[in-house]
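Trainee: Next come the chains, spelled out residue by residue.
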Amino acid sequence: MNRKDLFNIAETWFNKQSWKPFPFQKETWNAFLQGKHGLLNAPTGSGKTYALWIAIVLQYIKNTPDYQKKPAKGLKAIWITPLRSLSVEIKQSTERFVQEIGIPFTIGIRSGDTSQKERAAQKRNMPDLLITTPESLQLLLASKGYDKTFKNVIAVVNDEWHELIGSKRGVQMELALSRLKTISPAIRIWGISATIGNLSQAREVLLGSHADTLQNSVLVKANIKKKITVRSIIPKKMDTFPWRGHLGIHLLEDVFPIIQQSKTTLLFTNTRAQCEIWFQKLLEKYPELAGEIAMHHGSINKETRLWVEQAIRNETLKAVVCTSSLDLGVDFTPVESIIQIGGPKGIARFLQRAGRSGHQPGKESIIYFLPTHAIELIEASALQKAVKNNIVEDRIPYLNSFDVLVQYLISLAVSDGFYPKTIFPEIKSTFCFQTITEEQYVWILNFITKGSQSLNAYDEYKKVEIESDGRFKVNSRAVAMRHRLQIGTIVSDAVLTVKYLKGGFLGSIEEWFVSKLSPGDVFTFAGRNLELFRIKNMQVLVKKSKKKTAKVPSWMGGRMTFSAQMSTLLREELYSVSDQKSVNSVVIKPLSKELKALAPIFIKQRKESIVPGPDQFLIETFKSREGYHAVFYPFEGRFVHEALGSLLAYRISLLTPITFSIAFNDYGFELLSDQEIDMQQVLDNNLFTKEYLNNDLQKSLNATEMARRKFRDIAVIAGLVFTGYPNKLIKSKHLQSSSQLLFSVFNDYEPDNLLLRQAFIETFEHQLEEGRLIEALERIESQNIVWKQCKNPTPFSFPIITDRLREKLSSEKLADRIKRMTAQLEKL
Amino acid sequence: MKTKKLKIHHQDFILHPSGALYWCNTDMLLIADVHLGKITHFRKHGVAVPSNAIQDNFDALDAVTSYFKPKVICFLGDLFHSYMNTEWLLFKDWTVKQEAKIVLIVGNHDVINPSKYEELQVHLSDEWLIGSILLTHHPEKRDNFFTICGHIHPGVQLQGLGRQYVRVPCFHKSVNQLVIPAFGTFTGTYCIPPTINEEIFAITENEVIEINFE
Numbered sequence: 001m002n003r004k005d006l007f008n009i010a011e012t013w014f015n016k017q018s019w020k021p022f023p024f025q026k027e028t029w030n031a032f033l034q035g036k037h038g039l040l041n042a043p044t045g046s047g048k049t050y051a052l053w054i055a056i057v058l059q060y061i062k063n064t065p066d067y068q069k070k071p072a073k074g075l076k077a078i079w080i081t082p083l084r085s086l087s088v089e090i091k092q093s094t095e096r097f098v099q100e101i102g103i104p105f106t107i108g109i110r111s112g113d114t115s116q117k118e119r120a121a122q123k124r125n126m127p128d129l130l131i132t133t134p135e136s137l138q139l140l141l142a143s144k145g146y147d148k149t150f151k152n153v154i155a156v157v158n159d160e161w162h163e164l165i166g167s168k169r170g171v172q173m174e175l176a177l178s179r180l181k182t183i184s185p186a187i188r189i190w191g192i193s194a195t196i197g198n199l200s201q202a203r204e205v206l207l208g209s210h211a212d213t214l215q216n217s218v219l220v221k222a223n224i225k226k227k228i229t230v231r232s233i234i235p236k237k238m239d240t241f242p243w244r245g246h247l248g249i250h251l252l253e254d255v256f257p258i259i260q261q262s263k264t265t266l267l268f269t270n271t272r273a274q275c276e277i278w279f280q281k282l283l284e285k286y287p288e289l290a291g292e293i294a295m296h297h298g299s300i301n302k303e304t305r306l307w308v309e310q311a312i313r314n315e316t317l318k319a320v321v322c323t324s325s326l327d328l329g330v331d332f333t334p335v336e337s338i339i340q341i342g343g344p345k346g347i348a349r350f351l352q353r354a355g356r357s358g359h360q361p362g363k364e365s366i367i368y369f370l371p372t373h374a375i376e377l378i379e380a381s382a383l384q385k386a387v388k389n390n391i392v393e394d395r396i397p398y399l400n401s402f403d404v405l406v407q408y409l410i411s412l413a414v415s416d417g418f419y420p421k422t423i424f425p426e427i428k429s430t431f432c433f434q435t436i437t438e439e440q441y442v443w444i445l446n447f448i449t450k451g452s453q454s455l456n457a458y459d460e461y462k463k464v465e466i467e468s469d470g471r472f473k474v475n476s477r478a479v480a481m482r483h484r485l486q487i488g489t490i491v492s493d494a495v496l497t498v499k500y501l502k503g504g505f506l507g508s509i510e511e512w513f514v515s516k517l518s519p520g521d522v523f524t525f526a527g528r529n530l531e532l533f534r535i536k537n538m539q540v541l542v543k544k545s546k547k548k549t550a551k552v553p554s555w556m557g558g559r560m561t562f563s564a565q566m567s568t569l570l571r572e573e574l575y576s577v578s579d580q581k582s583v584n585s586v587v588i589k590p591l592s593k594e595l596k597a598l599a600p601i602f603i604k605q606r607k608e609s610i611v612p613g614p615d616q617f618l619i620e621t622f623k624s625r626e627g628y629h630a631v632f633y634p635f636e637g638r639f640v641h642e643a644l645g646s647l648l649a650y651r652i653s654l655l656t657p658i659t660f661s662i663a664f665n666d667y668g669f670e671l672l673s674d675q676e677i678d679m680q681q682v683l684d685n686n687l688f689t690k691e692y693l694n695n696d697l698q699k700s701l702n703a704t705e706m707a708r709r710k711f712r713d714i715a716v717i718a719g720l721v722f723t724g725y726p727n728k729l730i731k732s733k734h735l736q737s738s739s740q741l742l743f744s745v746f747n748d749y750e751p752d753n754l755l756l757r758q759a760f761i762e763t764f765e766h767q768l769e770e771g772r773l774i775e776a777l778e779r780i781e782s783q784n785i786v787w788k789q790c791k792n793p794t795p796f797s798f799p800i801i802t803d804r805l806r807e808k809l810s811s812e813k814l815a816d817r818i819k820r821m822t823a824q825l826e827k828l
Numbered sequence: 001m002k003t004k005k006l007k008i009h010h011q012d013f014i015l016h017p018s019g020a021l022y023w024c025n026t027d028m029l030l031i032a033d034v035h036l037g038k039i040t041h042f043r044k045h046g047v048a049v050p051s052n053a054i055q056d057n058f059d060a061l062d063a064v065t066s067y068f069k070p071k072v073i074c075f076l077g078d079l080f081h082s083y084m085n086t087e088w089l090l091f092k093d094w095t096v097k098q099e100a101k102i103v104l105i106v107g108n109h110d111v112i113n114p115s116k117y118e119e120l121q122v123h124l125s126d127e128w129l130i131g132s133i134l135l136t137h138h139p140e141k142r143d144n145f146f147t148i149c150g151h152i153h154p155g156v157q158l159q160g161l162g163r164q165y166v167r168v169p170c171f172h173k174s175v176n177q178l179v180i181p182a183f184g185t186f187t188g189t190y191c192i193p194p195t196i197n198e199e200i201f202a203i204t205e206n207e208v209i210e211i212n213f214e
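Chains E and L, in that order, are what the protein sequence lines are. Positions 1 to 828 (UniProt numbering) are the ones given, in order, by the first sequence. Positions 1 to 214 (UniProt numbering) are the ones given, in order, by the second sequence.
FYI, nobody ran anything at the bench for these hints, they're computed from the structure. Idealized CB from N, CA, C, for every residue including glycine. There could be a bad hint or two in this list.
[Unchecked claim] Simulated restraints on C-beta separations:
1. E119/L / S115/E: 47 to 57 Å
2. R757/E / D27/L: 40 to 50 Å
3. E119/L / R119/E: 43 to 53 Å
4. L129/L / K547/E: 48 to 58 Å
5. Q440/E / Y190/L: 33 to 43 Å
6. Q11/L / W443/E: 45 to 55 Å
7. S115/E / N212/L: 50 to 60 Å
8. Q740/E / N212/L: 24 to 34 Å
9. K7/L / C790/E: 50 to 60 Å
10. N212/L / R625/E: 14 to 24 Å
[As the list claims (entries may be wrong)] Okay, derived cross-link-like pairs now, PhoX-like style, lysine-lysine, Cα gap no bigger than 20 Å in a straight line:
11. K44/L / K473/E
12. K44/L / K462/E
13. K363/E / K263/E
14. K4/L / K813/E
Next comes chain L alone, as it looks inside the complex (with noise of 0.2 Å):
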C-alpha cells in the first residue's frame, strides 16, 4: 500500500488508495461520497444492481480504519444517497463496532432524519472549522481558509505515448482547497482538467500517483 503525504497550512496529512485522507495532527480520517444505499434504493425501484457489492462497501470501511486507527472519523456529505433502507441496519452494526468519534458534514444527498444518525452517536453538522481548515461538503472558497470538501467525485483523464488514454479517480488539489475522490463502490467519477498551480494525486488499487502536466 502506498500512501502520499501531503503538508497543507503546517499540518500533515496522508492520502489513501482508497480516496480516504489522513489528518495526522488531529488524528481523524476524512471520508466522502460513500453513497451507502444506493444499491438497495435502486433495486427498491427495480433496478437488479447485484445486492452483494453492497458488503463491499462497508468491508473498504473497515479496511481504512484499521489502517489508520483514527479517533475521529469525518465523513464529508453523501453518506446515505437517498431516503431510508435496509442498508441502514448495517451502518448501524458498523457504527456499533466503531471505537472512533463519527461526524458527518451533511451533503446534498443525506436526507435522512438527523434523530435517526442521533440514535446511532453520528453527529451532523453542516461545516466543520479546525484552525485555518474548513471542511465542507460542496467546495468553497473562504479567505484565509483552506477547504476539504467532496461532491465533484473527482477524476482525472490522462493520456500518455501511442495514443493511450486513461480515466482514474483523484484528488484534486488547488491553492485554497482539495477535493477528495468518492468513496463508495457504486459511484462514478466527473473529470475536471487540472489548471496551473493545481495537483492532482490519482488513485489505484493499492497506490495514491502524483500526475504531471503537459
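Excised from the complex, chain E in its bound form (with noise of 0.2 Å):
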C-alpha cells in the first residue's frame, strides 16, 4: 500500500467523524511514514493522539497488508504517559480509530494501579499497544527476557514530554530509550510538548545527543494559538488588605459570582492545605454550594478523585477546589472559569490552567487572578504581560544524575544482567549522559559492585555480582525485591493512610502531620473534620467530628520559586511605579488597573523607603524585637534569594564571627542575626561580587545544608535509604536510616562520593540557579545601592520576614552558639 492509500484510510475515518485533519497531524504521519523520529509541538484537546497514533497504525497496515486479520502476537507500541490518570483517555481514543478500521488490535493499560493478575497476564502476552508510565516501563527492563518482549516494538510515543524533561522521570526515560534504540531495531521515539521555550532542546534530550536518531528527526509544530483573557480580583478596599497571607480567604465574597455565572469553575489553590481551607470556608460562608463544590488533591483517595473527574463531565458541579493534581488531564469541557488563588509562579504554570477552560478549539479561555496578598498584585500585572506578548519558560533538562543511573543499571542487573561495554556507549548517547567519562562509568560499576573504590578485606558488601564472563548480574533475590519495590525517581514523605474506624478510606496524610497530633485532636482532611481515635499498623483511624475548630495539614513539598521570565516582568512593572523614573522622564506609560491600586501600599512605603527603580538596589535595615534585620530585594525569585542571602551571609560571617537566620521569598530576603549588622562594612568590601562566587558558595552551602535536603531524594532513587515494603508493618530489619545520617557519614568519610557530589551540583544548578545568581549579581553591581534605616519593618519587607522556614549560617563555634540558646520546656 502507497502512502496515499494509507492517508485515504486515515482521512476517510476522520471524514466519517465529520472532522478534517489538521496540516500538523498530516505532516506527523507523514514523517513517522517516512521513519523519521520527532517531537510534536502541540496543546492538549488539539487531536494529538490521533496524529501519532494514526500513524502508527498506518505503519502497521504498510507491514502487514492482511492487516485486518488477528496480528502477530507481541506488543507493537508503547505510549508513556506521566499520570496515570490520562491512559484511560489514551486507551479509548486509539481504540476507537482501530476498532472502526477494522484491526483487531488489543490495547492495555499497565501502572501501578493495574493488578498482579493483569501485570501476569500482559506478560504472558503483551497487548498490541501498552500504555504505560515510565516506572513501570522501567521495572519491564527489570523482568527475565525483556529484550523478547520489545523486539518487534516500531513506536514508543512520550506524551507530555514537557512534563518529564526537567525531572528524573525524564532522565529515567531518556536510559529506557537508549536500550530500546538497541533491543527494538525498527523502533521510532516520539514525543508530544506543549508549548516551552527551549523546545529544540526537549528533543535533543528525547533523541540523544549527537545520536542517528537525532539526526533523522523532525519538529512538527501545531501552531494552534488560544485566546485567553486574563482578569484580576482587585480588593475594594486596600487598606485592610494584608500584607502578607497565602489563604486569600477575604476575597471570598468576590469568587461567589464568578461561580454563579459560569457552568462549572476550577479554583486552583498552590498547596493542598489552602485547597482544604478553601473548601471550607466557601461551604460555611455559602452553605446553598453543598453538593454542588467538589474538591481534588493529591491526597484525596483515588475513587473520589475519579468521582470528582467526572462529576465535572457530566456538569453537575458548579466548582471544584483543586492543587496541579487538575493541571494536567482529561478534558473537562463543561469548565468555562479558571480561579487562579494566589501567585502560580510560572508563565507556564498559569497558561496550562488557564487553557483548561474554554477546552473546545476556538473558544476563549477566561482565568481570574485572586492575589492573596497586596504584593501579590504586582504579579497580577506582569502575568498580564506575559500572556500578551506570548512568554513561556524553559523546561531545564537534568545532566549527570547518577543516582538514577546506579537504579537503571541495578534494574538491568536484576533482569538479564549486562555487559558493561555493551551498555556504555548506550548510555553516553543520552542527553543526560552525554559528558559521562569512563572514570565516572567505573567509579559507578565499583559502587554498585563492591560498595566502595577500593576492596576491603573484611569487607561483606553484597549487591551486584561480576560474573566468570563478566555480566554483571544480582543473584540475591532480597536484593532484587527490594530493588524492584524501589524503581522510581519521585520521592516523597512516609505517608500514613487515613481510615475511618468504621472502614472508608479517606486518602493519604504525611506521616510528620500525624505524628504532631494526639488521639482527640481534631484535624481537617479531605473537607471533613476527624478526630484522631488512634494510630496503628501505618494506618490513621478516625471518626466522624462535630467540632468546628480543627488543624489543617499542612503538606510539605512544593514550595515553587519564580521563573527567570517571570522575575523580569515582575522587575518591570515595579520599576514602571519607581520614584526614580519620573525623575529620568522616560516615556511613562498608563499604569495598569493591579499596579494602581496598590497606590495605599507605595505610599506606605515611601514612607519608610523607597521604591526602586531600574538603577537601585535597596536595602533595608531596621530593629525589631527579634533581632537586628536586613532586608535585600533584588527580586529575583526565592531560590535566587536563598543562594544570595547565604553568600552574604557567608561573607560577612568571614569579617565578624557571627549567626544569621536567612528568610526568602520571590521578591528579597532577610538576614536576621542577634547581632547588628555593619552594612557600611558589607558596602565597603564589596560583598556583592561576583568573584569566588562558586568558592564562596560551596563554603556557604556546607554550612547552610542545602545539599543535604537534594540528598534525600538522591539516596532513595540510588538504594541507600530503603522505604519499606508498601502496606506491610515489617520494615527491612536492621536496615533503617535516614538519608540526613547517610549524608554525614558521606561527607565526613567520603566526601568524593559521586552521589555526595551530585547532591551539591544539583544544589548550584537546580536549586540556586547559579547562571541567574551571576546574571543577578551583575545587574547588583551595575545598580546604586540605596541603605533605607527604617524605624519600622516597610511593606516590601513585611512579607519576607514573617516567613518562619528559614535557613541558617554560622562562623561562630558551635559551643559558643549553644551557650547563648535555650531549649523549650514541654508544654504539660
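With the hints as a guide, dock the two chains, each given alone in a separate frame, to form the complex.
Mentor: In C-alpha cells form, the structure reads like this:
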C-alpha cells in the first residue's frame, strides 16, 4: 500500500466523524511513514493523540498487508504518559480508531494501579499497544527476557514530554530509550510536548545528543493559538488588605458571583492545605453550594478523585477547589472559568491552568487571578503582560544524574544482567550522560559491585555480582525484590492512610503531620472534620467530629520559585511605579489597574523607604524584638534569593563571628541576627562581587546544608535508603536509617562520592540556578545601592520577615552558640 | 576537652563530650548504644555506607578509655547493631587490648549469641545494681533507685535569638534517671523536649554544655 492509500484510510475515517485532519496531523503521519523520529508540539485537546496513533497504525498496515486479520502476538507500540489518569482516555481514543477501521488490536494499560493478575497476564501475552508510565516501563526492563518483549516494537510515544523533561523521570526515560534503540531495531521515537521555551532542546533530550536518531528527526508544530483573557480580582479596600497571608479568604465574596455565572469553575490553589481551607470556607459562607462543590488534590483517595472528574464532565458540579492535581489530564468541556488563588509563580503553569477552561477549539479561556496579599497584585500585572507577549519558560533538563544511572544499571542487573562494555555507549548517547567519563562509569560500576572504590579485606558488601564471563548480575532474591519495590524517581515523605474507624478509606497523609497529633485531636481532611482515634499499622483511624475548629494539615513539598521570565516581568512592573523613573522622564506608560490599586501600599513604602527603580538596589535595616533585620530586594525569585542570602551571610561572617537566620521569598531576602550587622562594612568590602562566587557558595552551602536535602532524594533513588514494603508493617530489620545520617557519614568519610557530589551540583544548577545568580550579581554591581535605615518594617519587608521557614549560617563555634541558646520546655 | 562533673546519690560522675559517662567512685566507664557492625550490616544488604567510618568507632573508644583509664567498661546495651559480621573481629582485637573488665548490659539490638561474648571475656547481664544506682539499657523507674541507661539516643533542639535552631545529642537527666547519648558514629538522635526539674547536657566535639531552659 502506498502513502496515498494509507492516507486515504485515515482521511476516510476522519470524514466519517465529520472532522478534517489538521495540517500538523498529516505532517506527523508523513514524517513517521518516512521513518523519522520527532517531537510534536501540540496542546492538549488538539488531536495530538490521533496525529501519532494513526501514524503508527498506518505503518503497521504498510508492514502487514492482511492487517484486518488477527495480528501476530507481541508488543507493537508503547505510549508513555506521566499521569496514570490520562491512560484511560488514551485507551479510548486509540481503541476507537482501530476498531472502526477494522484492526483487531488489543490495547492494554500497565501502571501502579494495574492488578498483579493483569500484569502477569500481560507478561505472558503483551497487548499490541501498551499505555504505561516511565516507572512501569523501567520495571519491565527489570524483568527477565525483556529484550524479547520489546523486539518488534515499531514506536514509542512520550506524551506530555514537557512534564518529564525537567525531572529525573525524564532521565529515567532517556535511559530506557537508549536501551530500546538497541533491542527494538525498528523503533521510532516520538514525543508530544506543549509549548515550552526550549523546544529544540526538548527534542535533543528525547532523541539523544549527537545520535543518529536526532539527525533523522523532525519538529512538528501544531501552531494552534488560544485566546486567553486574564482578569484580576482587585480588593475594594486596599488598606485592610493584608501584606502577607497565603489564603486569600478575604476575597471570598468576590469569588461567589464568578461561580454563579459559570457552568463550572475550577479554583486552583497552590497547596493542599489551602485547598482544604478554601473548600471549608466556601461551604461555611455559602451553604447553598453544598453538593455542588467538590475538592480535588493528590492526597484524596483515587475513587473520590475519579468521581469528581466524572462529575465535572457530567456538569453536576458548580465548582471544584483543586491543586496542581487537575493541571493536566482529562478534558473538561463544561469548565467555563478558572480562578487562580495566589501567585502561580510561573507563566507556563498559569497558561496551562487557563487552558483548562474553554476547551473546545476556537473558544476563549478565561482565568481570574486572586491575589492573596497586596504585593501579589504586581504579579497579576506581570502575568497580564506575559500572556499578551506569549512568554513561556524553559524546562531545564538534568545532567549526570548518577542516582538514576545507579538505579537503571541495577534494574538491568536484576533482569538479565548486563555487560558494561555494551551498555556504556548507549548511556553516553543520552543527553543526560553525554559528558560521562569512563572514570565516572567505572566508579559507578565499583559502587554497585563493591560498595566502594577499593577492596577491603573485612568487607561483606553485596549487591551486584560480576560473573565469570564478565556479566553484571544481581543473584540475591532479597536485593532484587527490594530494588523492584523502589524503582522510580519521585520521592515523597512517608505517608499513612486515613481511614474511618468503621471502615472507609479517605486518603493519605504525611507522617510528620500525624505525629504532631494525639488521640482526640480534630483535624480537617478531605473537607471533613475528623477526630483522631489512634494510629495503628501505618493507618490513621478517625471518627467524624462535630467540632468547628480543627487543625489543617499543611503538606510538605512544593515551595515554588519565580521563573527567570516571571521575575524579569515583575521587576519591569515594579520599576514602572518607582520614583526614579519619573525623574529620568522616560516615556510614562499608563499603569495597569492592578498597580493603580496598589497606590496606598506604595505610599506606605515611601514613608520609610523607597520603591526602587531600574538603577537602584534597595537594602532596608531595622531593629525589632527578634533582633537586627537587614532586608535586600533583588526581585529574582526565592531560589536565587536563598543562594544570595547564604552567600552574603557567609561573606559577612568572614568579617566577624556572627550567626544569621536567613529568610527569603520571591521579592527579596532577609538576614536576621542577634548582633547588629555593620552595613557600611558590607558596602565598603564590596560583598556583592561575583568573584570567588563558586568557592564562596560551596562554603556557605556546607554551612546551610542545602545539599543535605537534595541528598535525600538521591539516596532513595540510588537505593541507599530503603523506604519499606508497601502496606507492610515489617520494615527491613535493622536496615533503617535516615538520609540525613547517611549524608553526614558520606560527607565525613567519602567526600568524593559521586552521589554526594551530585547533591551539591544539583543544588547549584537546579536549586540555586547559578547562572541566574551570576546575572543577578552583575545587575546589582551596575546598580546604585540605596540603604535605608528604617524605624519600622516596610510593606515590602513584611512578607519576608514573617516567614517562618528559615535557613541558618554561622561562623561561630557550635559550643559558643549553644551557650546563648535555650531549650523549650515541654508544655504540660 | 571540657567535661562536666555531676553528683548523683552522693556519687561522683564525669560527663565526657564523646557521650561516655565516668563513675569516679567505682572507676567505671559507662558507654551506651555503640551499634558496632551497623555499617557492615548495611553493606551486606547492598547499602554502600562508607566502610572507613567503621574504624572511627574504635578510635573513639580508644580515646575515651585512655582518657579515664577505668577499671571497668560497662556498655549499656546495643553494643552490636545486628547479627554477627566481620566487625566482630575488629571488636575482638579491641577487647584483647583492654586491661579493664568489660560488661555488657544487654539491649534490644544485642542478638549475638552470649557464648561469643564470653569467649572474649565480656560479661553479660540484663541489669546491674550497685548501691542505689541501677544500670539498664531501657529507661526504667524503680523505687529508691537512680537509673542510668541508654536506648533513646537523646538529643535536644535548641533555639536562640534570630530564630536559630540547632539539634545536638545530649545527656538527659530527670529526678531519678540519666539517659546517656549514643556513642556510635552511624547513629541518629531522638529529640525529647525537657520538662521542669530535668537537666540537659549537650555534647559537642570538645565540650559538655549545660542547657538553660526558657
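Trainee: Decide, hint by hint, whether the structure agrees.
Mentor: Status of the hints after comparison with the structure:
1. E119/L / S115/E: 47 to 57 Å: At 53 Å between Cβs, range holds.
2. R757/E / D27/L: 40 to 50 Å: 47 Å, holds
3. E119/L / R119/E: 43 to 53 Å: 51 Å, holds
4. L129/L / K547/E: 48 to 58 Å: 50 Å, holds
5. Q440/E / Y190/L: 33 to 43 Å: 38 Å, holds
6. Q11/L / W443/E: 45 to 55 Å: 54 Å, holds
7. S115/E / N212/L: 50 to 60 Å: 59 Å, holds
8. Q740/E / N212/L: 24 to 34 Å: For N212/L against Q740/E, whose Cβ atoms are near 27 Å apart, the range 24 to 34 Å holds.
9. K7/L / C790/E: 50 to 60 Å: 52 Å, holds
10. N212/L / R625/E: 14 to 24 Å: For R625/E against N212/L, whose Cβ atoms are near 19 Å apart, the range 14 to 24 Å holds.
11. K44/L / K473/E: 16 Å, holds
12. K44/L / K462/E: Distance ~5 Å between K44/L and K462/E Cα, so the pair holds.
13. K363/E / K263/E: 15 Å, holds
14. K4/L / K813/E: Within the cut-off at roughly 19 Å; holds.
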